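Letter by letter, the chains look like this.
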Amino acid sequence: MSKTTIRVEGLSRRYGKTYVVRNVDLAIAAGECVALVGHNGAGKSTLIKMALGLLQPSEGRVELLGEDPAGHRGVAFRRGIGFLPENVAFAPAMTGREVLAFYARLKRLPAASGDPLLERFGLAAAARRRVGTYSKGMRQRLGLAQALLGAPRVLVLDEPTSGLDPESRRLVYGIVSELRDAGATVLLSSHALTEIGEKADRIAVMKQGRLIACGTMAELRRQADLPVRIRVQLPSGQAADGEGAFYAGRVHWLDEAHFEVTCANDAKVETIRGLSAVPGVSDIEIMPPTLDDLCVQLTREAAE
Amino acid sequence: MSAIVTIAAREIRDGLRNRWVLGAALLMAGLALTLSFLGSAPTGEVGAGPLEVTIVSLSSLTIFLVPLIALLLSHDSIVGEQDRGTLLLLLSYPVARWQVVLGKFLGHIAILGFATALGYGAAAAALAIGGADIDREGITAFAGMIGSSILLGAVFVALGYLVSVIVRERATAAGLAIGIWLAFVLLYDMALLGLLVADQGRTIGAAAFNWLLLFNPADVYRLLNLAGLSKASMFSGMAGLSGQMQFGRGVLFLALAAWVAAPLSLATLVFSRRQM
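Residue numbers (our numbering), protein chains in the order written: chain S, 2 to 305; chain U, 2 to 277.
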């Protein structure tokens, strides 16, 4: 059992009588990547701020690398933390290189330790330009670069891929898994659900401040119990005759050559076996529910 | 310690980059040179007058200008960073909040000190080149004037931070900063004058009056530079006041230092409890 680096217990934050985060329990171990998903305003950023000690909880407690992050026992433990805030911003008059040098010094690292990161995030050419002239994507990459200074043990990324092109996104996820494999804890929030589902070890779904589900994709699928869609292709013009007998009522024709069948997760194997026996079938595609579908279902269940 | 220096250095670089330092220094040098050469006109001639006359003119200028520059520099310092989103990231780093305040303070004082020394120094140099009669006492007094001007700036930088940590909106901070400037630079003295006239000297004696002056940093500065020097008080028209003054220069400096320490500590305290 690896060591827990982030632990929140019964964590709540309210403004007046309105709870923004309500009674959240979550423990994340070293070498684990957890994705925090949910709509805008679900409480993800507030939870992250409390986990980092930037916001005092109304109730509950937080432990980050063994410390109370909002406590008064010094700030040295923060050297092991990398944080990318949502909508990261920098002093516009500083150059990219100066920004990284500034943050490196605050972590007591050599000022030049940001240079390889600039290279890695494709900012080397722009390193001597003022941040004010950067595009949104460049600022985001600079934000990621500062979060990685000093190879942090805990990496907290709030919407890391917002404003990034597909290539940069891949780069981000590549770096995240690299750090995780090296034993770092990664907590990231996103509403780009489809892409995050495959990257994280566990997914924590938030709704209106509550943690309504938390587990691996497989666990979430079981919990949501959504049907699996199976798409079948036939040679065109050969609107299958045999299909009717086996799947009456459950077939949905997409066009002349494709139809879809839905079935419960448990019945998946049996259904596929049956489908493959249909004469003339040329291809079978299984489409498990996406994280989007799961979230919609889980949120709906939570509302009931 | 190193975090404080890092933050101070960033503020200084920022000040140099966005021309704050240059602008303030040019403004002060321009006004100081104008005053040094035209300010002695009332003494009978246009040209370089004695250094003391310049000290009196520059002190009167400082009381208006330095608090304004200091408040402009500082009022946005915390609330502005929070608004732009840079503060959240800074506080996730291994930096205590008091280090943020102190680092910014040192950086802003350096900017202000640089601008003041450069601007007023230019005036003194021009006078020396112009062949003014400058003795050792004059030089000491001039150096004291620059030092106390920076100290006065420090008071208003600290007051600016206090504003910046209390409010949630940048516009509110700007409004409060203007209010503070008006209150200490203009209104306090007018109110005091009104009080004295209304009182007719029945309850407020010289001692009480001196104490009341200590409650306004601008007045403490005025006492230091205009009434504290024998020659200067002749030119400044404060000879009457300096005759009755019960506080020495040391006490006045201490009073200004207290005016720095109190708002700065309060700002740190409020900031350390601020939720991001």
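Derived by calculation from the structure, the hints in this document are not laboratory data.
Since the structure is predicted, the reported quantities are computational estimates derived from the model, not experimental observations.
Using N, Cα and C, we set each Cβ at its ideal position, and we do this for glycine too.
Careful, some of the hints might be misleading.
[To be verified] Which residues of chain U face chain S? A few of them, derived with a C-beta cut under 8 Å, are:
#, residue
1, 3
2, 4
3, 7
4, 81
5, 83
6, 85
7, 277
These are the hints, each one checked on the structure:
Given hint, residue 3 of chain U at the interface with chain S, holds; its Cβ is 7 Å from that chain's nearest Cβ, closer than 8 Å. At about 6 Å, the closest approach between the beta carbon of residue 4 of chain U and any beta carbon in chain S falls short of 8 Å, and the interface hint on this residue holds. The beta carbon of residue 7 of chain U comes within 4 Å of a beta carbon in chain S, closer than 8 Å, and the hint placing it at the interface holds. Taking 8 Å as the C-beta contact cut-off toward chain S, the hint placing residue 81 of chain U at the interface is violated, the least distance being around 11 Å.
Using the Cβ-Cβ criterion of 8 Å, the hint placing residue 83 of chain U at the interface with chain S is not satisfied: the shortest such distance is roughly 11 Å. The beta carbon of residue 85 of chain U comes within 5 Å of a beta carbon in chain S, closer than 8 Å, and the hint placing it at the interface holds. Satisfaction of the interface hint for residue 277 of chain U is found here, the shortest Cβ-Cβ separation to chain S being roughly 4 Å, below the 8 Å cut-off.
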